[in-house]
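Asker: Residue strings, one per chain:
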Amino acid sequence: MPTQLLKVSGISKSFPGVQALQDVQFELNRGEVLTLVGENGAGKSSLMKILSGIYAKDAGSIVLEGEEVVIDSPRAAQQVGISIIHQEMNLMPHLTVAQNIYIGREPRTMGFVNERRLNRQAADLLNRLGIHLNPRRLVGELSVAHQQMVEIAKALSFDAKVLIMDEPTSALTESETETLFRLIEGLKEHGTGIIYISHRMEELRRIADRVTVLRDGHYIGSLDKGEIDIPTVIEMMVGRHIEEGARPEARQHAHDDVVLKVENLGTRHLLKDISFELRRGEILGFAGLMGAGRTEVARAIIGADPSEGAVIHVQGKEVKIHQPSDAVAHGIGYLSEDRKALGLLLERDVNTNILLASLNDYTGPLGFMRTGKGKQKSRGYVESLRIKTPSIHQITKNLSGGNQQKVVIAKWLARDCDILIFDEPTRGIDVGAKEEIYRLLNDLVAQGKSIIMISSELPEVLRLSHRIVVMAGGRITGILNNEDASQAKIMDYATNIDDEKE
Amino acid sequence: MNASPVIEKAPKVGETAPAKSGTAVTFLRAKLQQSLAFGTLIVLVIFFSIASSNFFSWSNISSILLATAVIGILALGTTFVIITGGIDLSIGTGMTLAAVMTGIFLVNMQLPLIVGVLGGLATGALMGFINGVNIAILKLPPFIATLAMMLIAQGLALVISGVRPIYFSGVEGFKNISLGTIIPGLPNAVLILFLLAIVAYLLLSKTLFGRYTFAIGSNEEATRLSGVNTRKWLIVVYTVAGLFTGFAGVVIAARLDSAQPQIGVGYELQAIAAVIIGGTSLLGGRGSIMGTVIGALIMSVLINGLRIMSIQTEWQNVVVGIVILIAVFTDTLRQRRSAT
Numbered sequence: 001m002p003t004q005l006l007k008v009s010g011i012s013k014s015f016p017g018v019q020a021l022q023d024v025q026f027e028l029n030r031g032e033v034l035t036l037v038g039e040n041g042a043g044k045s046s047l048m049k050i051l052s053g054i055y056a057k058d059a060g061s062i063v064l065e066g067e068e069v070v071i072d073s074p075r076a077a078q079q080v081g082i083s084i085i086h087q088e089m090n091l092m093p094h095l096t097v098a099q100n101i102y103i104g105r106e107p108r109t110m111g112f113v114n115e116r117r118l119n120r121q122a123a124d125l126l127n128r129l130g131i132h133l134n135p136r137r138l139v140g141e142l143s144v145a146h147q148q149m150v151e152i153a154k155a156l157s158f159d160a161k162v163l164i165m166d167e168p169t170s171a172l173t174e175s176e177t178e179t180l181f182r183l184i185e186g187l188k189e190h191g192t193g194i195i196y197i198s199h200r201m202e203e204l205r206r207i208a209d210r211v212t213v214l215r216d217g218h219y220i221g222s223l224d225k226g227e228i229d230i231p232t233v234i235e236m237m238v239g240r241h242i243e244e245g246a247r248p249e250a251r252q253h254a255h256d257d258v259v260l261k262v263e264n265l266g267t268r269h270l271l272k273d274i275s276f277e278l279r280r281g282e283i284l285g286f287a288g289l290m291g292a293g294r295t296e297v298a299r300a301i302i303g304a305d306p307s308e309g310a311v312i313h314v315q316g317k318e319v320k321i322h323q324p325s326d327a328v329a330h331g332i333g334y335l336s337e338d339r340k341a342l343g344l345l346l347e348r349d350v351n352t353n354i355l356l357a358s359l360n361d362y363t364g365p366l367g368f369m370r371t372g373k374g375k376q377k378s379r380g381y382v383e384s385l386r387i388k389t390p391s392i393h394q395i396t397k398n399l400s401g402g403n404q405q406k407v408v409i410a411k412w413l414a415r416d417c418d419i420l421i422f423d424e425p426t427r428g429i430d431v432g433a434k435e436e437i438y439r440l441l442n443d444l445v446a447q448g449k450s451i452i453m454i455s456s457e458l459p460e461v462l463r464l465s466h467r468i469v470v471m472a473g474g475r476i477t478g479i480l481n482n483e484d485a486s487q488a489k490i491m492d493y494a495t496n497i498d499d500e501k502e
Numbered sequence: 503m504n505a506s507p508v509i510e511k512a513p514k515v516g517e518t519a520p521a522k523s524g525t526a527v528t529f530l531r532a533k534l535q536q537s538l539a540f541g542t543l544i545v546l547v548i549f550f551s552i553a554s555s556n557f558f559s560w561s562n563i564s565s566i567l568l569a570t571a572v573i574g575i576l577a578l579g580t581t582f583v584i585i586t587g588g589i590d591l592s593i594g595t596g597m598t599l600a601a602v603m604t605g606i607f608l609v610n611m612q613l614p615l616i617v618g619v620l621g622g623l624a625t626g627a628l629m630g631f632i633n634g635v636n637i638a639i640l641k642l643p644p645f646i647a648t649l650a651m652m653l654i655a656q657g658l659a660l661v662i663s664g665v666r667p668i669y670f671s672g673v674e675g676f677k678n679i680s681l682g683t684i685i686p687g688l689p690n691a692v693l694i695l696f697l698l699a700i701v702a703y704l705l706l707s708k709t710l711f712g713r714y715t716f717a718i719g720s721n722e723e724a725t726r727l728s729g730v731n732t733r734k735w736l737i738v739v740y741t742v743a744g745l746f747t748g749f750a751g752v753v754i755a756a757r758l759d760s761a762q763p764q765i766g767v768g769y770e771l772q773a774i775a776a777v778i779i780g781g782t783s784l785l786g787g788r789g790s791i792m793g794t795v796i797g798a799l800i801m802s803v804l805i806n807g808l809r810i811m812s813i814q815t816e817w818q819n820v821v822v823g824i825v826i827l828i829a830v831f832t833d834t835l836r837q838r839r840s841a842t
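Note that the protein sequences, when read in sequence, are chains A and B.
Letter 75 of the first sequence, counting from 1, is numbered 75 in the working numbering, and no numbers are missing.
Add 502 to the 1-based position in the second sequence for the working numbering, that's all there is to it.
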C-alpha cells in the first residue's frame, strides 16, 4: 500500500514573454522513482527549480506528507526535506569528499573544524549508502561518476525525503550507471522518493515506477509501471510518432577511397597503437566505455593534445598536425562532447559562432572584415540546417541544445571541412532534435563528407555507423561492419581489456 | 529501413518567445554600461561647470584633454588585453622605459628624430611581445607575467637613465610631438590620442584581429579548437598593447620635454580603471574602445574638477576609487541579471 509523499498540483509559472508552466501536477509516493520526461523547454527544469526553491511559483500547491509547504528559498527546500542534484556538478575540486558533503555544516569544537569527526560522519554516510569512497580524497581526483556519488551523498546528508536527480547518468558509463541504479534501489527501500529527470528512454524501462510527461509547459499525462511503453512515452513527449531501433540507410554513399588514415597513434598515458582508416562518405562509429580513450583519439588527431609516433594521411598525403589550426587547415573539424565549454562562444551571437573557423575567408586587405558576405553565409546555414533562432544575431546561449549543435556543425561546413569528428553528437539533446541531428549526419555523408562519430549510446552507434571501431583501455579491440555488429558484440569488445594487454 | 523518419518540428512557444525578447534586451544591456558611462561624464561636466565658473573654458577643457592623452593611450592598448580576459600591469613602467629609451636614442645617441621615436615605440612593442610569449607559449598567468615585466621595466628604466631625468632640450621639434598644435588650440598629444582611438576602434570592431580578441576572451579553448592559432593572436594582442605603451612613452616624454625615470608608477592602475569604467569586463569577452575613451575622460574630468574646486589631492584618489567601485558594481549587477 503506497503512501503518498509529495503531491504537486496546479503549478504555473511565467517569465516575461513566456508561460513556462501551466497548471502542472504530479504525485510521488514513498520509495518510488518518478521519472519526469519532456523535450528541452518542456518545463522540467522550471518545475524542479520551483520545488528546490530557486524560482517562486505563480500559482499552485506543494503538499509534502499531507501538509502544504512553502518553499521560498533553496534553504527552505532543504529544511522541508527536498534535495536536488543538479546536472552541472556543484562540488569544490580542491576540497575532500567529506569537506564537500558537509560544507557549511562542519562539526566544530571550540570554533575549530573537527576534521576527524567530519571524516567519520562522512564515512558513516557513505557506508550507509554503499558508496566505496575514501572521505579524505580530493574531489578533483575522482572520476565524474564518483563525483556524482559525492553529490548524491551530499544531497542525502540533509535527510532528504525527496531527492531530485537531473540527468544523473549523462556523464556515466554503463557500469557506473548500474552502480547508480543499485544506489537508487537502496534509497527506495529506505522510503526516499526520487524524481528522476532523463533524456534516455532505456532508463525509463529500467528504473521508473511511474512516468510523468510534460510538453510545452503543460502536464500531458502519467503512466504507471505496467503501462510504460517507450514509443508511447516518446509520442506523448513530442506529440507525434517516431520509429525506434532503426539501422543505417546511407550505406550506399560509402566509397572505397580513404580520406583519413591513422597509423600507430599513441599518447604518453593512455593510447597505444591506434590505427584505422576513414573512407569517403562513411560514418565510422567509435564505441567503448567511458575512459576507453575515444575522445583522446580525437583530440590527438587534431593536435589538441600531444601524441607520439603517429603517421597520419589525409586524402592520401602524409600530414603533420601539431595544433588544431593544422588539423583545420587539412579539413578536419572536431565537434566536442562539451559544446558549451569547448565548442561555442556562448555569449556571442550565432553569426560569430558560425563564422569563427572561417573568418579568414571574409577578411579583406589589412585584415578588415567583410561582414555582409559573412552574414549572408550564416543566414544560408541557418536556413539549410533549419537552425531555430529568431536571427543570426541571437546570443548562442539562448538556443536549445539541438540548435546549438547545429550551429557548431554550420561552423565546420562554413570552413569546408570534409572530415568531421563528432564527439557525442546528441548528448543533452532532446529526442525530437536527436532525430534531426541523425538525419543531418546522414545528409552530410551523402554529400561526400566523412564522419567519425564517438558515442556512448549503442543504439545511436548501431543506427548510424557503417563500421564501428570499439575501444577499451586505450586500444582498439575490434572494428566491426554494421551488419555483423550488435549491442552485445560491441560490449564484448568494449570490456575486452585484459586480452589485449598481452 | 530506407528513410529516416521525417520530423516536422512545430515551433514551440517556449523556445522562440524568450529568445526574441532576448535579442533586444541583450542589445540594450550591451549598450547600458556605455551609455551609463557617457551619462556620468555629462553629469560630471554639468556639475563642475555649475560648481566652478573656470571649469567650462576652452583652456581648461584643453588641459583636461591633455591630461587624458597619456592615460587614454595606455587604456586603449589595455582594452585589447582585458577583452581577452587578461591583464597588463607593465604598461605604466613600460611607458617609462619607452620614454627613457627615446631619450637614449635622441639625446645620448643623437639619432634622427623619427628614428628615436620609432625606437621608443619599438621598445614598447618588444616588451609587449615578451609578455605575449610568456603568457601564450610559457602559459604564465597574465597577472604574474606582466607584474614581472612591470618590475623589470622599472628597474631597466632606472639603470639605463642612471636614475636621472634625460632632458630633450637640444632635440629640435621633439616637444612639438605633444605640445605643438597642428589644429590651433588643440595640443598634438590630444590629436594623437584621438587618432590612436580611431585606429584602435577599427582594429577592434572591423578586423580579424578584433574578432579573435573577442573570441579568445569569450572562450579561448573553443576558439583554439576552431582552428584559430590562439597563441599567435595572444602574442599579437600583447604586442599591440606594448605598442600603445610605446606611444604613451613618447607622448609623455615630449609633453614633459624630458624622460623621467620614475613617472610611470601607478599609471597602469589608472589606465585599467579607465577601461573598466568604460564598461569592459575584467572577465573578458566584452568591451569597447568608445567606452575606454569615455572612461579615461571621466577620470581626468573628475581629477581636474576636484582640483578646480580646490579639493585636496589626497581626496581625489578617494573619489576615483569610489567611482571605480560604482562602475564595477553596476557591471556585476548587470551580469547577475543577465545570468538568471
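To be clear, the hints were calculated from the coordinates, so they are not data collected in a lab.
A couple of the hints might just be wrong.
Simulated DEER-style distance windows between Cβ atoms [stated by the list, open to error]:
no. : chain 1 : residue 1 : chain 2 : residue 2 : range
1   : A       : S14       : B       : L785      : 23 to 33 Å
2   : B       : L640      : A       : E106      : 34 to 44 Å
3   : B       : L642      : A       : V311      : 48 to 58 Å
4   : B       : L681      : A       : S391      : 47 to 57 Å
Covered stretches of chain B (in silico footprint by chain A; criterion: 3 or more residues with CB under 8 Å from a CB of chain A, positions within the stretch not fixed) [stated by the list, open to error]:
no. : stretch
5   : 594-600
6   : 721-730
In this text, a Cβ means the ideal position worked out from N, Cα and C, and glycines have one as well.
Asker: Could you tell me which of the numbered hints above are not met by this structure, giving the numbers in increasing order?
Answerer: 3 and 5
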